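Peer 1: Okay, here's what each chain looks like letter by letter:
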Amino acid sequence: MEPKARPELTLILERARAGDDGARGEVISRMYEELRQVAGRMMQRERAGHTLSPTAVVHEAVMRMLGEEIFDRAPDRNFLFAAAARAMREILVDHARRRAAGRRGGKWERVPLDSLVDYFEAQDLDVFAVHEALNRLTALNERQGQAMTLRYFGGLTVAEIASALGISVVTVERDCRLARAWLHGQLRDGRSE
Amino acid sequence: MNPERWSQIDQLFDATLRVPIEEREAWLRTACGDDHELHAEVEYLLSQETQADQSGFLPEPEAVNSRLDVTVDWPPSDGLNNGNGGDGRRNESPADPALATVSDGFSPKAVIASGLGGRTADETRSVIQLRLRELPLIHVLIFGMMLFLRPIVLGVSPYSILTPFAVVAAILVAVSVLLSSYQFSLARLRLIELGVIAALASLLIIYESRALVDSTLLQEQDRMLVQLIMKNVVLLTSVLMLTDGIYVPKSWQRAAAVAGSLALLPLGTLFSVHLRHPETVRWVGELRSDGRMPLVVFGLDAVFLFTLAAISAFAAHTISRLRLEVVAARQFGQYRLGRLIGTGGMGDVYLAEHQLLKRACAVKLIRPDVVLRAGTLERFEREVRINATLSHPNTVEIFDYGRMEDGTYYYVMEYLPGMSLAELVERHGPLPPERAVYLLRQVALALQEAHEAGLIHRDIKPSNIFAARRGGMDDVAKLLDFGLVSASAVTSSSSRSTEEGQILGTPLYMSPEQAKGSRILDARSDIYSFGAVAYFLLTGRPPFEEATAIEAIIAHVRDVVVPPSRIQAGVPADLERIVLRCLAKTPHERYPNAESLELALSGCACASAWDKHRAAQWWRDADSGAPREESQPTIRA
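Which chain is which? The protein sequence lines are A and B, in order.
Take the first sequence: its position 118, counted from the start at 1, is 118 in my numbering, and no numbers get skipped.
Take the second sequence: its position 78, counted from the start at 1, is 78 in my numbering, and no numbers get skipped.
In case anyone wonders, no lab produced these hints; they're calculated from the structure.
This one's a predicted model, so the numbers in the text were calculated from it and none came from an experiment.
C-beta atoms are modelled at their ideal positions from N, C-alpha and C, and glycine is treated no differently.
Among the hints, a few may not be true.
Claimed, not checked - Covered stretches of chain B, going by a simulated chain A footprint (3 or more residues, C-beta under 8 Å):
#1 20-31
#2 45-58
Said to hold, decoys possible - Okay, the calculated beta carbon distance ranges per label pair:
#3 A:A101 to B:D214: 15 to 25 Å
#4 A:D189 to B:R18: 45 to 55 Å
#5 A:G19 to B:G429: 45 to 55 Å
#6 A:G25 to B:E452: 45 to 55 Å
#7 B:Y44 to A:F128: 46 to 56 Å
#8 B:D14 to A:D189: 17 to 27 Å
#9 B:R566 to A:D189: 28 to 38 Å
#10 B:E60 to A:F128: 15 to 25 Å
As the list claims (entries may be wrong) - Partial list, computed: chain A residues near chain B (C-beta under 10 Å):
#11 V117
#12 Y119
#13 E121
#14 E142
#15 Y152
#16 R177
#17 H184
Modelling step: build the complete structure from the supplied sequences, incorporating the hints.
Peer 2: In C-alpha cells form, the structure reads like this:
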C-alpha cells in the first residue's frame, strides 16, 4: 500500500498553517525523520559513487508524508515543501559540522551529501554562517527564506520552487535576486543586523 | 529591521531594478523622499548585487535537466537529472539508422544511471590497475634477491642498504594503494606506473654509479667484480623493460619510450660518472689483461638492451592488438558480438550473430558492476523470464539468456531494424491518424496477450514501442522492455522487487494511479499509458507537457486533457474519443481491457486507410531520404 497521509498529520498541518508553533515544530521534526530515512535509503541504493540528488530526497519525503493527499491539498503541500527545505538545511548543517570534526579526527568517508557542502566551501562560505543568515532572512520574509533554502539546500530549480511554494516563477526570481544581494552583504561584507 | 521595513526595501529594490541603469540613482532619490535611511539601505543592496555578480557569488547550482520521457524510480534519482545519462542516446548518430534503431528502446532504465564511457577504455583501465598491483611484487621479488646477495658479494656499507629498503617500501605502498577499491583514472595509473619504474631505475643507477666510483681504488680483479655488477644492472634493466612492456597494457609508442630510456640507463650512468669523475672510470677505456676493452663489452650490452627495447615495444603492440580483438570477438554462448548499437542503464546492446544460424540478433550485456548491486540481477532475470513467456508477434522476442564466466550476464533478443515511435515522431512529425491506428492496434494485441497472462507492462511509452521492419513487413509494432512488469498476481505486499513506497514508470506517460504511487495496478493503467502514447503519435507531444516531473505527475492526476484535435488539425472525432477514453482519470471510465480497445480502434473510419503496402512505400521513401509524398510513388530498382 502506498503511504497514506496519517489523519493526525492533516490536523497537525492545519494547526501549523494557522500559526501554532508547537504544531510547526512537530511537522519539522517529523519531516526531519522522514528525510533521514529517505536519504539513508537512497544512499544505500546509490552506493556506487553517484551523487545524491537533494531534490529527489525532498520530493520523496514530501510524497511519502502526504501520500495521495499531495494532489488535493495544495496548501499542505506547499507547507510541507517549505518544512522539508528547512529540515534539509538542518541536516546539511549538521552534516557539515560532523564533516569538519571527522576531518580533524582523520576518519572521513565521503558521502553524497558532501557535494552540497562542497558547493558552499568552494565559495569559501561557512555552511553554518549561511544557515544563520537564512534564519535571519526568514524572520524578515518567510517566503524569501524558504525560496533560498529550497534553491541552495534543496537543489530545486526556480520552476520547481514556484510549484512547491505555490507562487509564480517571477516572484521566485525576484525573491532570489534580492536575497542574494542581501546575503552578499551579510556574508561577504560582514554586515549583520 | 522589521518585516514591514524589509518589505518596503524589497519593493523599492525591485522597482529600482526595472528603471534603466543610468536613471536609477535619481529615481531612487525621488522615490525615497526624506527617508534617507531607506535610500541608504536600497542603495547598499544594489551595490551588493553588483558585487555579487562580479565575484560570482552563489552561482546557479548545477543545472538540473529533467528529462521526463525517461523511466524513473520516482522520485527522480540521478538518471533523470543527468540529461545525457541513462537514456542511451549517447552512441546514437542520426546518420546511422540501424544504430538509432535499438539505442533508445533497449535502454530506458535510467534508474541506474550509467557511468558511460568506452567499454574497452574502461576495461583497459581496470586491467592496468590489476597488473600494476602484481608487477611491483614481481620486481620486489627480483630486486629483493639482489638486496640480500649484495652484502654477501660486496661487503656491507650501511646506507647503501637503506636505499633499496626505502624503494621497496615505497613500491609496497603503491601496491597497497592499488589494492584498495578506489578506481584510479587512466592518467593516474600511468603516473603510478612511471613512478614505480623510475624508482627501480634510480635504484639501479645508484648501484652502478657507486660501484664505478669505488672501482678506482680497486685492483684489476675487483674491477671484474664491478663489471659483473654492470652485467647485473643490464640484466635487471632488461627484466624491468620486458615485464613493463608485456605485462601492463600500453601502446607501442609508449612502450618504446619507456623501454628506450631504460636501455640508456647503464651506459648513461657510466657516461655521467665519467663527466664528474673522469679519473675513476678511466680503466673502462683501457685494455684488460685478456686484451679486451671493458667499454666494448658495455657497448655490446647497450646494443643488446636496445634490441630488447624494440622487442618490448613490438610485444606491447601485438598484445594491445590482440586485446582489442579479444574484446571484439568475445563469444557469448553461441553468439558472436558485432558492433555496439546502444548503451543503457544496465548495460550495452550489441548487434550479434548466432554462430551457426547466422541470424542477426541484439545482445544486451549486463555490466558485472551492475549485477553486483543487490536486486538488479533479480530484476534482470525477471525481465527476461516474463518476456520469454510472451509469444505474440508484436512483443519483442527473447531468444536466449545466460552468464559468462567473468560474471557478465547477457540476453539475446531479436534484432529490430526500424525505429522507435519516439524517433519516428521526432524525425517525421506527428503520424497520420490511419498510420497511428495501424500501429496502435498491433500494440493493443500485444498488450492483450500480456494482460491475459496477468502481466502489466507499467512502462508503455513511445521509446518502448518499435515500428520495425520484420518478416518482409513494415510498420510491425514491437512492444519492448517488460523490465518494470510485475505479475498482477504478485503485486501484493509480498513482492519485494520494487521498493516500497516508490513510484515506477515514466512521468510523462504514467497513469494517475501510478502517479499516486499505488502498487495495485491493473490492465487499465496500461490502457491509460497506451492512450498517452496514442496522444503523442497524433499530436507530437505527450498529453501533459510539464516542466518538472512532479508537475507532470500532478497533471496526470488532476488536469483535464486538451483534445488532440485542438493541437493537431485532422484528428478524426471517432479516434479522438477513443484516445480520450483511454486517458480517463478513473480506471473504470477507460476501456476495461486491451481487447475492447483494439476492437474500438478497428472501428475507426480511418482504420483501413493504412496497410502494409503504404507502410512499405513509406519506408522506401524514408530510406531514400526523399521527402514523403503520399500521392507520388517513387520508383526504385
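Peer 1: Can you take a look at whether the segment 20-31 of chain B is actually covered by chain A? Rule is 3+ residues, C-beta closer than 8 Å.
Peer 2: violated (count 0)
Peer 1: For the hint on A:E142, just tell me whether its beta-carbon gets within less than 10 Å of chain B.
Peer 2: holds (9 Å)
Peer 1: Next item in the hint list is A:Y119. Is there a CB on chain B closer than 10 Å to its CB?
Peer 2: holds (6 Å)
Peer 1: Could one say that the CB atoms of B:E60 and A:F128 fall in the range 15 to 25 Å?
Peer 2: The hint (15 to 25 Å, Cβ to Cβ) holds, given that B:E60 and A:F128 are roughly 23 Å apart.
Peer 1: Do the numbers back the hint for A:H184, that is, is its least Cβ distance to chain B under 10 Å?
Peer 2: holds (4 Å)
Peer 1: Verify the interface restraint on A:Y152: the C-beta must sit less than 10 Å from at least one C-beta of chain B.
Peer 2: Hint on A:Y152: holds, closest Cβ of chain B at ~6 Å, below 10 Å.
Peer 1: Less than 10 Å between beta-carbons is the criterion; does A:V117 satisfy it with respect to chain B?
Peer 2: violated (13 Å)
Peer 1: Tell me if the beta carbons of B:D14 and A:D189 are separated by a distance inside 17 to 27 Å.
Peer 2: holds (21 Å)
Peer 1: Quick one: are A:D189 and B:R18 within 45 to 55 Å, going by C-beta?
Peer 2: Taking Cβ atoms as reference, A:D189 and B:R18 lie about 25 Å apart, which means the hint is violated.
Peer 1: Should the hint that A:A101 and B:D214 are 15 to 25 Å apart at their CB atoms be regarded as holding?
Peer 2: violated (55 Å)
Peer 1: Would the hint on A:E121 be counted as holding, given a Cβ-Cβ threshold of 10 Å to chain B?
Peer 2: violated (13 Å)
Peer 1: A range of 46 to 56 Å was offered for this pair. Does it hold for the Cβ distance of B:Y44 and A:F128?
Peer 2: violated (24 Å)
Hint violations for this structure: numbers 1, 3, 4, 7, 9, 11 and 13, all remaining hints satisfied.
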